[in-house]
Every structure is written in C-alpha cells, then in structure tokens.
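Line by line, the protein sequences are chains A and B.
Residues 0 to 1143 in numbering that gives the first Met the number 0 are what the first sequence spells out, letter by letter.
Residues 0 to 469 in numbering that gives the first Met the number 0 are what the second sequence spells out, letter by letter.
Just so you know, the hints here were simulated from the structure itself, not pulled from any lab data.
There's no promise every hint is true.
Once the Cα atoms are required to be at most 25 Å apart in a straight line, the calculated SDA-like pairs of lysine to any residue come out as [unchecked claim]:
(1) A/K95 x A/P437
(2) B/K177 x A/P874
(3) B/K462 x A/P874
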Amino acid sequence: MDFLKHFALRRGAWSNVLSISPPPVTKTHEPAISLFIRTMRLTGVLLLAFSLHVSARSDAQQRIAINVKNVSLQRLFSEIEKKTNFTFFYDVMILKETKPVTIVFKDATVEEVLKAALAGQALEFTINDKTIFVKKERKVLVEARPLDTGRGGVIRLRGVVLTEAGVPVQGANVTIKQTEHGTITNAKGEFELSAVVPGSTLIFSYVGYAPQSFEVKDGSQVQINMKVASNELDKAVVQAYGLTTQRLTTSDIGKVTAQDIERQPVMNPLLALQGKVAGLDVNMTSGYASAPVKVELRGRAAINPIFTSDPLYIIDGVPLTVNELSPFSSNASGSVGFAQALSGPAGGQSPFFSINPSDIESIEVLKDADATAIYGSRGANGVILVTTKKGQAGKTKLNLSFGEGVDRVDRFWGMMNTSQYLNMRRQAFYFTGGTPDPVYDFDINGTWDTSRYTNWQKVIYGGVGKNTNLQGNLTGGDERTNFRLGAGYTRATGVTAISGADQRGSLSLGFSHHSIDHRLSINSSTQFSYTQSNLVTLPGNAAMAPDAPPIFDSTGNLNYSGWGGPSGNISAEGAFPFGGIKQPYVAKTNFLNSGLNIEYDLSRSLKFSANFGCNIGQDNQTLVQPIASLNPVNSPKGSLTLGSTRNVNWIIEPQLTYASAIGRGRFAILIGATSEQNNSDVINLAGKGYTSDLLVNSIASAATLFANEYYGEYKYFGVFGRVTYAWESKIILNINGRRDGSSRFGPNKQYGNFGSIGCAWILTSEDYLRKVIPSLISFFKLRGSFGLTGSDAVPDYSYESQYSASNTYPYANQSVLVPIINPNPSFRWQSTKKLEGAIDLGLLNERVTSHIAWYRNRCGNQLVPFPTPLFTGFPYVIENSPALVQNTGWEISLSANLIKTRKFTYSLTFNTAFNQNKLVSYPDFSHSPFYSLEEIGKPLNMAFALHYTGVDPETGIYTFLDKNHDGQISTYPPRAATDDRYIINLTPKFIGGLGMDFQYGGLGLSLQFNIKAQDGRNAFINAPSPGILNSNQPTYIIGKQWRFPGDIKPYEKSFTYSPSSYSYFSQSDGIYTDASFVRLSNLSISYNIPSRYLGRVSTQGCSIFLHASNLFVLTKYKGLDPETQNFGALPPIKTILAGIVLNF
Amino acid sequence: MSKEYLTVIKVSAKLLVILVFFDGCNKLVTVPLPINRVTSAQTFSSDANATAAMLGIYEQMSLTPSFSSVETTVLAGESADELTDRSPGNMSQDQFLSNTLSPLVNSQVISNELWQPAFFDIFSANSIIEGVQSSSGITAATRTQLIGEAKFIRAFCYFYLTNFFGGLPLVTSTDFNKTAFLPTVSKDSIYQQIISDLIDAQQLMVGDFSFTGGEPIRATKWAATALLARVYLYQQNWLGADSAATALINSGLFRLVGLDTVFKPNNQEAIFQLQSSNTAYPYCTQEGYYFVPLSPGSSLSAWMTPDLLTAFDSSDQRYSAWVECNSFGCYPYKYQMRTGTPNGAENENYNVLRLAEMYLIRAEAENNLGNSMLALSDIDAIRIRAGLDSLSDTLTKPQIFQSIQQENRIEFFAEWGHRWFDLKRWNIALSVLDTIPYKLNIRPAQLLYPIPVNEIQTDPYLKQNPGYQQ
C-alpha cells in the first residue's frame, strides 16, 4: 500500500505539498549518502513489501542450533534459512568485503547468531516478521557541517527524511514548531533550514505518514524515518490529480480499499461499493452478474430521466466514458455499457463488469464541490476514482488465490398450489359469471392436467450455480524499476433453468521506473479483459399456473404442443413462455484500459507531468431465435441478430506543478490541460426469414437483412488549475478553477467555467483552543466548500441541423435524405452548485474517526429534451430547462478501532446518509414535459396515486378516496381537476452501511450490512389481478379476499379478467409498502495458517477464506426481495465462495 | 519573505488569466457529424443532395400509413358515409365512425396519423425552402424547381390539415424558436398561404415530366395548378377554379384513361402520383395493403357502407372496375395489390391528383357561373368513361349540382377524403349523415377533428376546436 502511495506521490501528490530543495550536499559527502540511500531504498522497499504481505506471525526468538566453520556470510545465511522460516535479504555487493565467520551455538536465537556473525563486519541487520534484512552499518547520515551559529545563536540545519524502510521522502513538510516556519524535502528527501534556534522542535509530516517531531540540540544531525500512518485520518487518500489525507483535505472523499473489495464474491467491483460510502447508492438492476448497475451519489440531480445519473468514473487517470447511443440506458437502469446494440436478457452489461476487482487497490468517491470541481464539466454527479494495484520492489513474489463456490436463490415465497389456484379460479368464475371457455381457459377446462403441480420458482431459478474465482499476482523489481503482473479468471453460472454463465478473464500489468536522480519517473498500468456472457431469456415472472405442463416434452423439445394439451389448443400453446430458453444470447467483450504517467522535475519546485491514457471496449452480441424455439403451428422462420459496439477513449493531460513553503505556510499550484476524445459506433444487423435452423448462425444466409447503426464522437478540452495554501497546518485553503469545452454544444456555447473554493480549519492545532477542547477529542476540523460543476449529458450533435438516409428507401430510383432533429444551437452547460459544511473528528488519538457532513447541491440550467409542439416538426428539442433540483442532506460516517490488543482486534465502520431531493422551482411548470410526472416542492422520485380505502363490504371491490368529491374516481387527465390522485414520495429515507471486523490471531471475520429505509411497490401488486387465467398468486391472499356481502377483507374478490377497480388499485397507494431492509451483503472469514503447519512448503504465507454475499435480508417486505421489488423475476443471488490464498 | 509572497501572487495571477481568458481552440471540441448523417449545409451544397432531400419528402409521404397514404381515405371515409369501422369495439376507431371524437381518446390516432406526418412534411418543405435559398452551390433551375415543389408540398399538407381541423398554426420556418408558440390562425389565413404557395409553385416548377423520365412522381406546375383549382373551388372562387382546371385540361399532357388504367403507374390521367417503394414492404400502395384482403376469403380491414354501394348506378362500370366483394362485404378495389413484388416493375403507385377531378371541378364552377351546357359536357366526360349515358341537356342548375355530387361521390369514393370534404363544403354533411343510424345527432362542431391534446398542452396559444374543450 505504501508503495502505491509512493507512486501516487510521484504522479501528482506533489502538487499538494511543497518542495524547496536545499543546495546540493557538498560533493565529498555525496557518494556515501547516495550509496546509503540506494541501500536503504532497496532494503526499505523490501522490508515494506514484506511487512505488508507476510501476515503470518514470525518468532524472532526462535531458537536454533548452528555449527559452521570459516564460511562466508552468504553460506551462513542460507544455513539459517534452512533451519528456520526466516528469509534473508541483502545486496550481494555488501558482502564482498566481509570476512568468513565461524559460529557455534547449541541453542540461541537467530538474533544472537547474527549479532555474533556480523560483529566487526560493518554490517547490521533488522528482523521484520520472518524476513531478515542485512545492510551496511548505518553511518552518520549527514555529515553535519560545523553547526553555524549565526546571529542570535541560530544554527543552520540539514537532514534527510526517509521512510521506515529508508526510501527518501520527497515533499515532506519540515516545520519549526515554535515559529511555524518550515521547508519541504527534495527528491532525495533532503532539507535545509537556515535559522533554527537550538531547542526548537521540528515537526515532520507527509501525506500518508504519521507526523513526527524532533528536538534540535546543539550538534544534532537529523535523520527522520517516517512511519506509515495507521489511523484513518492520516492514511493516504487519492484525490483529483494527487494525494491527500482525511486530516488535511478540504474535500469530501470516501474511500474503499482493496481489502474491502477483495473479500466480496462479486464480479462487478461497483457492487463491492454497496453500503460502503455514505451517500453512495448502488443498486443491482437484475440478478445477472453482468447486469447494469445503477449508481447514484447524493440523489438524483437531473430531471431528465433519459440519462444515467452515474458519477464520472476514472480508472488510473483515464475516464471511462461510454457514449450512450442506444435507447436502452436510462436513469432507472444505469448504463448498458459496451452492449449498446441489443438489450439482452440482463438488460445490457455494466462497463465495470470488464474490470477485475482483484486489480483494484482503492476506489475513492469524490463528493463535494472542492473534490469534484477540478473535473469541471463532468463532476456534477460526483467522481469515482479507481486506482489499480501497482508493482512492489523486492523479491519476486507470487500470490495465488483459488476460490470455488455456489450461487443460489433461497428467498422463495409461498405461491398457491394447484388446488388453491383452481379454487381461486373457480371463485373468479363464480364472481364474474360464466363458465370456463373450452378454448381460452385452458388451465381449468381440461386442456391442462389439473392434477399436475409445479413450483415454477424452483424450476426457473431454483438451481445451484457454480462460482469459480482464480487470481494470480506476480510482483517484483527493485526500488527504481518494478512491476506487477496480475491474471484472473472468474466464472459464475446461472441459477436459472437453463444455466448460462458470465465469465471474465483478465490480465493486468503495472510498471514503474525512476531515473537514478529521481527527476524522471514513469508509471504505467494496463488492464485487459475478455468477458463472455451466455444467457437465455426467461419468463418475466415465475407465476405460471401451477398445473401448467412441463417446459420440455419427452423428447427434450420445447413443449408447445404439450401446453396445447391433447386437443392442440393453440391459445394454450401461445401462452407458452419458455421459447426464450432456446434462444441463446452471447455477449463477448474485450476491454483494454491503459494509463501512462510521465513526470519530470524541471527545477526544485517546478515539475512537469503528463498523463496519457486510453480505454477501448469492443463488444459483440448475438441473439439467435431458431425455429426450434418458436411455436411450430405458426410455421415460424428463424432469425439472427448481431450487434457490435465499439467505444474508444483517448486522453492527454499535461500538467505543471509548483510547490513551495512560504512564510508560515505551504503553498502549491497545479495547472494543467486535458484533451479527451471518445468515438463510439454501434451496428445492429438483423437477419430474418431463415427456413432452417442449420444456417441460423450465419448472417449471410438470412432471407432478408436489416441494419441499424449509431455513431457518436465526443471531444472535450479543458484547462484547469488548483491553488492550495496551508497556513501553519491549521487553516487550509483550496481553490480550483476549470474552463471546459465540449463538442456536444453548438458554436460559442462549447466552453463553460467551473470552480470551487474549499477551506478547512483544524481547531485542535490551535493552542488556545486545544486547551479548551476535551482531551478525548484528539482532532477536530471544520471544513466547508462551495463550487460550481457542470454536465453535458445530451446526445451528440443536438445543436446541428442534419439529414440522414438511415432507414429510408429510394424514391424515383435515387436515395433520399430526411431531416432527423429539431436542432438547437443555443443550449449550454447544465450546472450544479454544491455547498458543503462538515466536521471531521478524531477521538482517543484517532482510534475513532468520524465525519459529519451537510450538503446542498442545486442543479439548474437542466438539459432536457424540451417538448415542442409536433407542428414544429419534432416532438422535442434539446434545451436548457429552468428546472432547479435540489439535493440536500446529512452524511455521517464513523470508523472505530474499538479493541486493539496484540492478539485481538475489533473495528467497526458505520455510515448513513439522509438525502432530501426536491424540485425547487420550475417556471411555467404547467407547460413543461414534466407536469404530469413531477411536482414543485416534491422529490423527483415520486408518484401520483389514488388513496386506497379498502374493499367495499357490499360489492367486494376496491374503493378509493374521491378526493375532489365529484362523485367518481378518476386518474385522467393527469393533474386535471378530475384527477383524484395525490403525491407520494418514493425517495429512500436513508441509506447506510455497517461493517465489522474481528481479528484474532490469524483468524479474521468481517461483516458488512447494507441498510436502506424506503417505500416501494409491494410484490403482490406487481402480480396480475387474482383469478385471471394462468397467473398464480401468493398464498398470503388466501382467506383475505372478499367472498360475501358484509365480508371485510383487504383484497377484492377474484375476477376472470382484470377489472377497472384493479387498474385503479394498481394506481393507488395500496400498492406501496415499506420496503426497508437490512441486508448482510457480505460475510468474510479468513484464517492465516500458521507457518508451523506449513512445514517445508516454501510458501511465504497461506490463508483460507470463506466469502459470502447476500446471506440474508431482514425486512418486513413480503415477496422475493425489497430491493428489486419484482413479483416473480430473478431476485438477488446468494453466493458463497471458499478458497485459499498462497504466497510464494 | 515578501519576495516569496510576490511569487505566489504572480503565479496565481497568471493562473487566473489563463483560466479566465483562455478561449480554447474550438478545433479541440469540434466533431464532424457521423458518417450516416449530413448537415443541412451539406445537404444543400449540391443539386443531387438537395434533390435527395426533396425526394425524402415524397418517400416519407408514401412509405408509412399517414395522412398522405391511406389514413386520410380511411378516417375521412369513416367520418363520412363511405366506410365502416376498421376495428369494431375499439373505441378510438369507433368514434370516427360515430363522429363522436374526443380529444382524450382520439388524440393519439389523430396526432400519429394525420397531424404529425403532415407537419413533419411541412417542416421538411420549410427546410428545403430555407436550405435552397441560402445555398450557393445549387443551379438556378434546380433552385426554382425545388422551392416550387416544397411550396407545393406545404400547400398540399395545409390543404388537408385545414379541411380536417379548421384553424391551425401557420408554420413557415424550421426554427422552433419562431414556431413553438404559434397561435391558431383562421382557416382563411391558412387558405391565403396555400394559394400564395401554389401560385409561386406554379411559376417555379417545370411544366412537364421529362425530369422524372416521364413519370408523374414529382410535383410539377400541373400538380400546383390542379390543387389550386380545387382550392378555388372550395373557396367558391368559380372563375379561378374554372381557369385553373381549364389550363390543365387544355395542356394536352393529360387525358382520361380507361377505368382499368386509372390507378396504374404512369397513366396519362395522373397529374401527380406518389411512387410506391420497390424495396420496402409491401412494395405497393399502403391503400392496397389496407383494403385488399389477405386472401379472397379473408376478413376485411374496412367495408364500404351499404349507402355507398347502393349509390352506384346499376350500369356504372366503376362498380365492376373499382369495387370487389367477398363474404364479409365489399371493399374499394381501385388499388388491387395487397403486396407487390420486391423490385417488381408492375407495382402500383398512389394517385394523388388526377385529371377526372378537373372535369368535375370545372363542371361545378361552370354550373355556378350559369354555364350549364359547359358543366354538362364536363360531367358527361366522366359519365361516359364510366359507361353511363350522357346527361339530359334540360337539367336545371340544382339538378346538375345533384349530378355533380353523385359523380364526385362515385368517382372519388374512398379516395383522399373527397366525400368528407365535399359533404362539408356543400353544407350537407349534417343532413346526409344524420340519417345514418350510428351517426345520429351529429352536431356542426363534430365536422372538425379535435386538435391533439398534447399540442394544446405544449403550446398555450393554440386553441382547441369548439365543442372539444375540457
């Protein structure tokens, strides 16, 4: 992890810290220092690598017997390695001038042995877990000049700041506590202070490390080894173009680490964010692993439901922009990703399905204006930064993980059995009048065998899916050049009747290099993946009549004729819903994401860097509808649909950073430019009229072909800047500015200005306040930000009048052109004003940290398809609507290390968010397109509903409140005086997450709960009206339906058709219910097998694990799942995965 | 120290200047249109492209069921006394038949099938007028022809719209900023625009069919003249109607053809036909696809009313030539192909304007001008072609008018809503329709269709027709 920080530092954190390099160290001292530093770097990195990755407990006091005579140190070390679990690390060069040794011990600790062996050898060693580092004896680091005693007895002081492992820390702050003056270290970690009063205290601090103090005495020589921060406040957090910490940031940034992601058995890393970050609402849209995921941060801002509300995703500096060209993506369903050509059984494919969660080091969620404004144009919905794992210097290490598990659905619900169902049907005939039709009422008229019983839920999704997850990682290299190679394969088979599978294979490569003088550094990371989804379309719900015949006939063919019964009832055959399971759908996606960062120090305080990146998504979809899947009585013909989507992004971002210590503060400037280009094209090719299934996979064999295509090209360019000033580490001011241009706007409307100002005040750093604040509170920060971000979420080219020949036919033997849009050259950037105030707290020396934030986001100038009368030629035009939508809310997050002993730790994380969404104003609302959908002063997610007033005891049908007392119940026209509906709020009341971590020795247990309080559609009412043909009902309505006059029951009598009272009911508040839930979204158990059991197996550590997702859900909600709220469709799946991790 | 602050201020100031005054290179954010689209400027950069845009209007008019293909015939035929319901029990259809349209129930059909396609064609025509006028890459001949054709199309669409709806928004621009909040203007103002467009179109367009290889599949001067004759007739401008119809009849380009040939492609009676696509299903007219049953014994989409069937004189050959019956009933058989053959040469085209109407227009005009002999000779031209006897020279003016009504009814049954519009302009709609059982108590307000509700909702200045207010 530290190494990541080191990289990130090289990449950009620099911007946030200061750097005045001291004059070069006197030449005579340089070799010694650089040699030392080199050694330290190597060993340090090694040490660091192992302290992180070898978690098995070691025993430095392990006793051995040893007897060697006149052997080289190298021999001795390997002898010790043989007898113990220790591994030695050293640079062979340092052993060159050592003398052979003779060591005889019968019972000694390794430490004792080494002390004896290295005595007088000018070497020293350190033991860290099972690793022993041998290095040259520490010499005096800085040959201090005779300390200058200047005016007033001040001295000139020099020193170096290193990590614990000896890697120089560039850009560390060095502050004289008493005067608040200071400097920062150069690329080699060196610093110089010109006027220090002996006795003053130096404070050393650096992003991601615990601060250290040092008292200056006469003749002091300063070397500081900084330790990686262990508390939440000081751990490094990735921000826009740099690094920061929760302690020092002026922004609101949430973080999810690799550890959190890895222990969740999900294929899509977005799902690992569920319940993890306050205010981030992540929703699965279906039970398929590859399905689109809807992500919304701090509520929905755009009134236009056509565009997804996803945040901006950036993977290693490369935006994952998907041009939404097809009609399938929407606010409700999320992005269909690279599968834009066909909708498919899963409803598309999340673009993050192509990303292996195991390659991710951390995901940062940027929320407020201060954090997002530097992404200007596209930061309105928040920004999600994905940082992949990087290489680690040191011994070449192999990490393997194997997991195997099962997927299943275990939340079925009670549906009527055959006799209950038939009874309901008979009642329906009784109440409706009439008798079963000999043709149409095939479930009861003898066409179907009424003695049959099938639980269709079990048949359709009662299977057990298999889950396989294999991951391998290779890291290595040295302090200047290193790499990480990762490979992964994941496969999840469906739980459905005819199992398909979602699979992903991936490769990733991370590489970094630093020049000897550390002025040039290069970082690159590349991920490639191939995914394949083989799916079939299942019936939309599992509520077929329980006496319906089986899916397959005795010969294994689809049972169309069986459904028609012995008499060949065509109506019954037509009701057969399983044709889709013989219609294979395949989506194959190649995805490549590659980022390269080059950095060069131009001078002491000025640095140039550039990011280059691209991602390429290429997807091919196939849907085959062979004759065998269709009802033979219709003499059907087969069809084949091919879809291909190609999405390519390029980005170039040159940047200049300047950092300096000025006065009592630190000052940093970042300026940069970004140029991005996105090209997408989608082709859909449908072949129809196949008269045989033999060639149904060949598109050229189709009788007729239809083609459809979409193209999108998107460019944007922006310049940005950030100025940060930290005053005595007490007050921090951060100003962002950005000017952005997008190709989605017409001439002269392309550019918009965005920016923010953020400020933080650390009260606990003020001496006079420190005295007042109770000592329990170790850290208290007030933070606030205000800013403007934007959005250009409109279809490409909407500003330009245009003609197309697509889907036209020749006229007079010539091809024709047809106008296709109402152009509007004058729409401009949508803008969101964000305001936030927050308190960041640390208690008990930061064992408990907490953030409490209040925010208000107001989105105006909303880009919408503004309806125009049809007589203008088209139904709408893209236009800025005057709608103002506000999201305001509170977010609380808490992280606590409650128990921390040597053997046992217990920590807890908790977050919750209360968001209130409101359409604040909308001039001339009654003529707007949203008049029939929304209401001023109410949330965007609302519904108009009648008020359900129970079942009339006399007539047995549903009754509703006649709100306007006009003597009739009406829902039409919407919002007219005749309309009896009122507004109900469907926005979640709060969302949150609770995580717990236990660690006892090598045994770990973690739990993650996902919490949501909301109203939703009750499952029952998603079902058709009780009593109608071929539609089963849940058992809980049995005995609750009206049966005779005077009967007081909650459900109306059965009908053989869907009565108007039922259609009113489905538009009433009777269909809404409490859909709040607490879901154990993740449970993970792991055990590090102690080294003593590993015996001679040459692993560096081994652990076994059990990961489970969606183990149970606590809810009052009746039905399959309170989150998906479907009547009978595939609910979320439970996955349990067990496996082993091996380190070599 | 002050020096350092100075640096800070300098750097900050520079940064600020860059950010605020950076005007960006527009090239960095300019993208070309995708390969399947062209800008309007490109469209009107050459004769060929501009012509393709014009042909696009004809293609849209003929391709899908809309006011300009089958829907005017069917809906107006149901509203009048020609056709029965196409889908009994479907309220949104039944109400055309019973003349009890409601904005709530019928807006969708009215909007999708009449209003929207006609206004889309008007948009396309306006786009051509604007594009051609501002283009420098088009030759003079093409420029005048295309503007003429576009004006003809605009007039043509408005003619049908105003006869269905009465007052309308007058859209003569593609700029939604100018058109989105247009008010309703009177039918008279619409007619003024129609006449001015048609007179322009007459002058601008060519007077023969050499530019289409002899086929009347694009509008010419004669199409504009024919429509102008009809417009003058509807306005009771008898002289205008007479002279326009005469100009056509005397042009020498057109003649009445045999009944079997009237609805065939490229016949000499046709003044303007919409070509049916050779490549798009059903490869023939939408009207044939609609009326002709799938097989001889199949049920029908719409039946001719008993009223209409009994209106045929027993010796009228138009009955045998243009009507067909099966066990379900009788249906219009002017177009005889339900589906054509892909790329077939013999597919049918859709008659829009034909010479027979000019005789009946001139007859009506002459009759009203008191020239009964001239009127009779024009009526006879139609009757004789239908195998009927000449009319007696002794007929009085009202009798001649009766005869004109009868010939119009039979000659143009199930053709472009002639009957519905005639009933209305002759002011006999109420008396004629009120005798039909399913149309009892028809009120004058029901002679206009309601404006689609969504249009009223999006444009507050638009007026709903009387009798349809909420």
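To see whether the hints hold, each was checked on the structure:
{"no.": "1", "hint": "A/K95 x A/P437", "in the structure": "100 Å, violated"}
{"no.": "2", "hint": "B/K177 x A/P874", "in the structure": "15 Å, holds"}
{"no.": "3", "hint": "B/K462 x A/P874", "in the structure": "19 Å, holds"}
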